[in-house]
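J.: As a plain string of letters, each chain reads:
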Amino acid sequence: MTKRFSFSQLVLLVAELVLAVIWLAPIAWAVATSLKPESETTKLPLEWIGSRITFDSYALVLETGGIVKWAINSTVTSVIVTFLTVLFSAMAAYGFARTQFKGQRVLLGLILAGIMIPPQVLMAPLFAEMVSLGLVDTWWAIILPQVAAPLIVYILFKFFQDVPPELEQAAFVDGAGRWRVFFTIVLPLSRPVLAAVSIFTFINTWNNFLWPFLVSTDPNTMTLPVGLANVVQGTFGLRYAQIMASVVLAGLPLLFVFVLFQRQIVRGVAHTGLAGQ
Amino acid sequence: MTTTVAAPATAGPVAKAKVRRGWTQHGLLFVGPFLLIYLAFLVWPTILGFQMSLSSVNIAGGNNHFIGFDNYAEAFADPRMWRSLWNTLVFTVLSTIPLVLLGLVLALLVHNVRFVQWLWRLSFFGPFLLPSAVIAILWLQMIYPPDYGLLNGTLGTDILWLGDPSTAMWSIVLTTVWWTVGFNFLLYLAALQSIPTHLYEAADIDGASGWDKLRSITLPLLRRTTVLIVVLQLVASLKVFDQIYLMTGGGPQDATRPIIEYAYDVGFTGYRIGYASAVSYILFVLIVIVSLAQLRLFRKREEVAS
Chain U
1 MTKRFSFSQL VLLVAELVLA VIWLAPIAWA VATSLKPESE TTKLPLEWIG
51 SRITFDSYAL VLETGGIVKW AINSTVTSVI VTFLTVLFSA MAAYGFARTQ
101 FKGQRVLLGL ILAGIMIPPQ VLMAPLFAEM VSLGLVDTWW AIILPQVAAP
151 LIVYILFKFF QDVPPELEQA AFVDGAGRWR VFFTIVLPLS RPVLAAVSIF
201 TFINTWNNFL WPFLVSTDPN TMTLPVGLAN VVQGTFGLRY AQIMASVVLA
251 GLPLLFVFVL FQRQIVRGVA HTGLAGQ
Chain V
1 MTTTVAAPAT AGPVAKAKVR RGWTQHGLLF VGPFLLIYLA FLVWPTILGF
51 QMSLSSVNIA GGNNHFIGFD NYAEAFADPR MWRSLWNTLV FTVLSTIPLV
101 LLGLVLALLV HNVRFVQWLW RLSFFGPFLL PSAVIAILWL QMIYPPDYGL
151 LNGTLGTDIL WLGDPSTAMW SIVLTTVWWT VGFNFLLYLA ALQSIPTHLY
201 EAADIDGASG WDKLRSITLP LLRRTTVLIV VLQLVASLKV FDQIYLMTGG
251 GPQDATRPII EYAYDVGFTG YRIGYASAVS YILFVLIVIV SLAQLRLFRK
301 REEVAS
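Respectively, the protein sequence lines represent chains U and V.
What the first sequence shows, in full-length UniProt numbering, is residues 1 to 277, in sequence order.
What the second sequence shows, in full-length UniProt numbering, is residues 1 to 306, in sequence order.
These are computed hints drawn from the structure, not numbers from a lab.
C-beta: ideal position from N, C-alpha, C; glycine also.
Check before you lean on any hint, since a few could be wrong.
Coverage of chain V stretches by chain U, computed from C-beta distances (three or more under 8 Å per stretch; other residues unrestricted) [stated by the list, open to error]:
1) 80-87
2) 160-170
Partner residues are not named here, just some residues of chain U that face chain V (Cβ under 8 Å, in silico) [claimed, not checked]:
3) W29
4) S39
5) L107
6) L187
7) L210
8) Y240
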């Protein structure tokens with residue numbers, strides 16, 4: 001490939017640069033504000049850097065706020081949701097792709113139809129169900145409904161359908177049980193697609209707001225987005241540097257993970273997002 | 001479904017018989033765990049929600065009487081329901097257009113400038129990774145405030161943004177585009193990367209310009225992806241709630257309240273959870289129509305292709 005750096009390439013690069021600066025500005029502004037002394041956060045005209053750079057707001061937020069607890073809640077619930085979703089969906093998808101049982105077609109149809117059901121419109125009945133199960137303000141209320149993700153079953157079902165069954169059958173003939181074949185041959189072979197749907201599920205769960213917001217009223221079970229929305233607006237009043245420090249702390253983990261695993265995340269999101277193709 | 005077994009070429013007749021015997025068993029055990037959770041937390045709520053929408057039940061479970069379609073009749077006569085449905089549709093149209101077009105433009109830029117790609121991807125996709133609460137608080141507290149906010153301070157304007165009914169929805173759209181365009185951008189980028197390079201090389205030999213290649217190779221090949229992205233975006237936009245609830249609470253003067261927030265308001269603030277179910281199901285029908293249209297579109301395409 002002999003691609004020279006032409007004039008049109010330069011124009012594109014400049015356009016891209018301008019857009020990137022615009023896109024990064026709000027985040028940069030949050031960081032800049034969080035590093036200012038509280039008294040200078042609303043000073044006019046706007047200044048990106050205050051009279052001194054201070055981490056006081058971060059110290060205060062970490063000390064007094066619930067942000068660490070919410071981050072732990074978010075991590076635990078997101079990891080459990082991701083693990084259960086991927087395990088159960090993979091099992092179900094494999095069951096549909098490779099075994100035969102009564103009512104299989106009907107059940108598969110039922111699951112595919114569920115892809116069209118947006119969980120948001122079920123908030124009232126789901127909440128009523130959680131009340132009658134006594135699960136409100138527990139992690140299970142946050143976790144269980146998010147595991148019922150028919151899209152993931154569909155993606156994995158299509159994947160398993162395209163994998164030739166010879167290798168599994170050879171192992172089966174050699175005496176490995178049906179489950180051993182699944183756990184020691186099928187799952188390891190499917191690692192890329194499992195990684196893709198795991199990443200997709202984790203990001204969605206980590207950022208889910210409406211459902212965790214409805215079922216957690218106790219600050220001890222709140223996830224990061226819910227805790228932040230509830231408490232920051234209520235108690236921090238007009239302490240903008242602290243609010244922005246919370247915002248930066250809450251946003252940082254996933255951005256950091258993205259920088260580390262960019263290739264996998266891009267592939268995971270694109271692969272799962274384009275599942276309809 | 002293809003569950004008929006093609007035994008490996010090397011296996012003898014005994015092995016074949018064994019494959020036939022045990023191979024297709026245990027199906028319900030594989031499907032069971034997911035199925036239980038799916039029935040309990042998706043199928044059952046869907047049925048329960050419809051039943052609730054036909055009742056006068058309140059959030060404490062009391063006053064649970066069957067009232068037929070009264071809730072739906074009330075909803076269709078409720079100006080606030082119509083207002084929130086209208087707001088939802090306006091938001092959907094206003095957000096889908098820039099989210100799809102800008103997603104495409106950003107992807108084309110990043111795909112064609114092969115230089116620090118990771119930085120561009122981080123810039124454009126990064127905001128998508130932030131929780132809605134982070135986005136809403138940041139824009140509400142530091143970007144949109146008319147006096148000390150970043151926007152007016154930088155542009156030298158004094159627009160009220162979220163505070164004015166005539167600009168509030170545009171401001172919500174602006175924030176949403178900034179926040180979520182990265183998703184469409186990634187989908188387009190993946191589609192661009194899957195276009196075989198030999199097509200471009202052939203065009204190069206024919207002396208085609210960059211613009212020619214864009215018009216006659218890239219865009220036609222992206223049509224399928226575009227249909228998919230548009231439908232995904234329509235469904236996502238119809239479900240808008242988080243950023244509006246957190247930034248304006250539906251105001252000013254109901255100018256931004258979407259239908260999910262209205263369902264939330266009547267159900268969880270007004271305690272009329274039966275009525276809330278009816279309002280939700282109106283949106284549900286709308287989303288199912290969009291999804292079915294998508295299915296039909298893809299069916300047709302597959303038929304044409306095969």
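J.: Please check whether the segment 160-170 of chain V has three or more residues whose CB lies within less than 8 Å of a CB on chain U.
T.: Since three or more residues must qualify, the claim that chain U covers the segment 160-170 of chain V is violated, with 0 doing so at under 8 Å.
J.: With a cut-off of 8 Å on the beta carbons, see whether L187/U makes it to chain V.
T.: 12 Å, violated
J.: Report holds or violated for the interface hint on Y240/U, using the least CB-CB distance to chain V and a cut-off of 8 Å.
T.: 6 Å, holds
J.: For the segment 80-87 of chain V, count the residues whose Cβ lies under 8 Å from any Cβ of chain U; is that count three or more?
T.: violated (count 0)
J.: Taking the closest Cβ pair, is W29/U under 8 Å from chain V?
T.: 5 Å, holds
J.: With 8 Å as the cut and Cβ atoms as the points, is S39/U at the interface with chain V?
T.: Because about 13 Å separates S39/U from the closest Cβ in chain V, which is outside the 8 Å limit, the hint is violated.
J.: Against chain V, with CB atoms and a cut of 8 Å, does the hint on L210/U hold up?
T.: Hint on L210/U: holds, closest Cβ of chain V at ~6 Å, below 8 Å.
J.: Given L107/U was flagged as interface, is its beta-carbon under 8 Å from a beta-carbon of chain V?
T.: 7 Å, holds
Violated hints for the displayed structure, listed by number in ascending order: 1, 2, 4, 6.
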